[in-house]
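Enquirer: One letter stands for each residue in the lines below.
2 protein chains.
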Amino acid sequence: MADRKTEILKATCRVIGRSGAHDLRVEDVAKEAGVSPALVYYYFDTRGELLSRAFDYADQRSTEHTMTHIDLDAPGRERLEEMLFHEFDEAPDVRENWVIWSEMDAIAIFDKELLVAVEKRSANWTKIVADLIRAGQADGSITVDGITPEDVAERLTAINDALGTKLMLGMLDRGTVERVMHDSIEMDLGTAPSQ
Amino acid sequence: MADRKTEILKATCRVIGRSGAHDLRVEDVAKEAGVSPALVYYYFDTRGELLSRAFDYADQRSTEHTMTHIDLDAPGRERLEEMLFHEFDEAPDVRENWVIWSEMDAIAIFDKELLVAVEKRSANWTKIVADLIRAGQADGSITVDGITPEDVAERLTAINDALGTKLMLGMLDRGTVERVMHDSIEMDLGTAPSQ
Chain A
1 MADRKTEILK ATCRVIGRSG AHDLRVEDVA KEAGVSPALV YYYFDTRGEL LSRAFDYADQ
61 RSTEHTMTHI DLDAPGRERL EEMLFHEFDE APDVRENWVI WSEMDAIAIF DKELLVAVEK
121 RSANWTKIVA DLIRAGQADG SITVDGITPE DVAERLTAIN DALGTKLMLG MLDRGTVERV
181 MHDSIEMDLG TAPSQ
Chain B
1001 MADRKTEILK ATCRVIGRSG AHDLRVEDVA KEAGVSPALV YYYFDTRGEL LSRAFDYADQ
1061 RSTEHTMTHI DLDAPGRERL EEMLFHEFDE APDVRENWVI WSEMDAIAIF DKELLVAVEK
1121 RSANWTKIVA DLIRAGQADG SITVDGITPE DVAERLTAIN DALGTKLMLG MLDRGTVERV
1181 MHDSIEMDLG TAPSQ
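Protein chains in written order, with the numbering used here: chain A, 1 to 195; chain B, 1001 to 1195.
If you're looking for bench data, these hints aren't it; they were derived computationally from the structure.
Idealized CB from N, CA, C, for every residue including glycine.
Don't take each hint at face value.
As the list claims (entries may be wrong) - Each computed EDC-like pair below joins lysine to aspartate or glutamate, with the alpha-carbon atoms no more than 20 Å apart: (1) A:112 / B:1023; (2) A:127 / B:1173; (3) B:1112 / A:151; (4) B:1127 / A:45; (5) B:1005 / B:1045; (6) A:120 / B:1064; (7) A:5 / A:64; (8) A:127 / A:111; (9) A:112 / B:1173; (10) B:1112 / A:23; (11) B:1112 / A:173; (12) B:1120 / A:173; (13) A:127 / A:139; (14) A:5 / A:27; (15) A:112 / B:1096; (16) B:1005 / B:1064; (17) B:1120 / B:1064; (18) B:1127 / B:1111; (19) B:1127 / B:1139; (20) A:31 / A:82; (21) A:10 / A:139; (22) B:1031 / B:1096; (23) B:1120 / B:1173; (24) B:1010 / B:1071; (25) A:120 / A:139; (26) A:10 / A:64; (27) A:31 / A:64; (28) B:1005 / B:1073; (29) A:127 / A:151; (30) A:10 / A:28.
What the hints assert, rightly or not - Example chain A residues on the side facing chain B (calculated, C-beta under 10 Å, incomplete): (31) 22; (32) 32; (33) 123.
Claimed, not checked - Sample of chain B residues with no beta-carbon within 12 Å of chain A, all distances over it, derived: (34) 1035; (35) 1104; (36) 1143; (37) 1148.
Excised from the complex, chain A in its bound form (with noise of 0.2 Å):
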C-alpha cells in the first residue's frame, strides 16, 4: 500500500514537471498513476494535500538523490561542492524538481498550506548547508576563519537556487553557471585544499 501512495506522489511530480501546479487536477494524477481518482483521495484527503505531500515528496527525493551521489566519507568541503553542483545537473528528475520548487514558490505566496512546506523546505536546505560547512571546519578542509556558516548558506544557496532557475530557462550557458558558483564557494570559503 506504501507503494501505491508513492507511485501517486510520483505521478504528481510528473504531472507538475510538465504543465506545472496550478491547473493540477487529481483526476490528471490518477490517470498518469494507472489508479482510481477515488484511490488517490483515499490516501489524500484534499487537492492541497496532494500537492503538499508531492512537494515534500520531492524535496526528499532530491536528497536521497543527491546522498547517493556523493562520497559521504569525503571532506565536508568536498561534499559540500558535490552537493551544489548536483543542482545542476541534467538528470529528467533535477529539471522536474526545480520545475516544482519554482511553482510552489510562486504558488506559496496566496497559500498559507503550501507556505509551512516552502519554508521547511528552504530551512532544511540551508542547515544542509550550513552543517557541511561546519563538518568542513570540523575536519579541516575548510579554513577559512570568522564566517558565520548560516550566513554563508544563505549566500551560496541564494547563488545556487538563482543560478540552476537561469540554467533551466536557457537564460545561462553552463559553463557561466559553474564557473560563477565555483568562484562564489571561494569567495566564502577560501580556495579548496589539494586533495
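Once you have looked at the hints, place chain B on chain A.
Expert: Okay, now just chain B, sitting in the frame of chain A:
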C-alpha cells in the same frame, strides 16, 4: 489615451499582486481599472499580451521608482548599494513587484512569450548592476582588483532576489536579510571607502 493604457497596466499589476497572474481574467482587470473589457482588448490583443506588457510596466516602474530614490550624482558603489537595498523596501509597490516577478518566473517555464519578457528583465537587472560596478571602478569608489563585473552582478542579483523573496514570505527577518546583503557586497567589492 496613453493614460488609459497605463491605468489598465497598473490595474493588472494590482490584480496580480492580490491574487496572482495564473487565474487573472481580463474582466477582473477591466473592473479594477473601471473600464470595459472591450477597452482592455482595444489596447491589448490577448490576455497573454496584457500579462507580458504588465510585466514590462512593473519592471519599468521599479527602475523609475529606484531612480527617484537614489542620488544619481553619488559614487557608483553608493548607488549600487542603494539600489540593492531598495529592493527590501516595505513600500506596497515593491511587494507587488516581488509577487509579479515570482508569478512571471513560474509561468515563464511553460510560456515562451513570457519567457522572453522574463529573460529581458533579468538581463536588464544584471546589466544595471554590472554598469554600476564599472561606474564605481571608474570613479574610485570600488577599488578591488581582478573582478568581472558581469559575474559579480550575477552573484549580487541572485542573493538580492533570494533574500527579497524570503523577506516577503516572512522566511527571514529584515536584520538577517540586510546583514547578508551587506556582507555579500563587501565580499565582492571590498569595504566601502569612507565618505
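Enquirer: All hints are to be evaluated individually against the structure, with a verdict given for each.
Expert: For each hint, the structure was consulted:
| no. | hint | in the structure |
| --- | --- | --- |
| 1 | A:112 / B:1023 | holds (18 Å) |
| 2 | A:127 / B:1173 | holds (17 Å) |
| 3 | B:1112 / A:151 | violated (36 Å) |
| 4 | B:1127 / A:45 | violated (47 Å) |
| 5 | B:1005 / B:1045 | holds (13 Å) |
| 6 | A:120 / B:1064 | violated (36 Å) |
| 7 | A:5 / A:64 | holds (18 Å) |
| 8 | A:127 / A:111 | violated (24 Å) |
| 9 | A:112 / B:1173 | holds (18 Å) |
| 10 | B:1112 / A:23 | holds (18 Å) |
| 11 | B:1112 / A:173 | holds (18 Å) |
| 12 | B:1120 / A:173 | holds (16 Å) |
| 13 | A:127 / A:139 | holds (18 Å) |
| 14 | A:5 / A:27 | holds (15 Å) |
| 15 | A:112 / B:1096 | holds (18 Å) |
| 16 | B:1005 / B:1064 | holds (18 Å) |
| 17 | B:1120 / B:1064 | holds (17 Å) |
| 18 | B:1127 / B:1111 | violated (24 Å) |
| 19 | B:1127 / B:1139 | holds (18 Å) |
| 20 | A:31 / A:82 | violated (37 Å) |
| 21 | A:10 / A:139 | violated (37 Å) |
| 22 | B:1031 / B:1096 | holds (19 Å) |
| 23 | B:1120 / B:1173 | violated (30 Å) |
| 24 | B:1010 / B:1071 | violated (26 Å) |
| 25 | A:120 / A:139 | violated (28 Å) |
| 26 | A:10 / A:64 | holds (14 Å) |
| 27 | A:31 / A:64 | violated (27 Å) |
| 28 | B:1005 / B:1073 | violated (33 Å) |
| 29 | A:127 / A:151 | holds (10 Å) |
| 30 | A:10 / A:28 | holds (13 Å) |
| 31 | 22 | holds (5 Å) |
| 32 | 32 | violated (17 Å) |
| 33 | 123 | holds (8 Å) |
| 34 | 1035 | holds (25 Å) |
| 35 | 1104 | violated (9 Å) |
| 36 | 1143 | holds (17 Å) |
| 37 | 1148 | violated (9 Å) |
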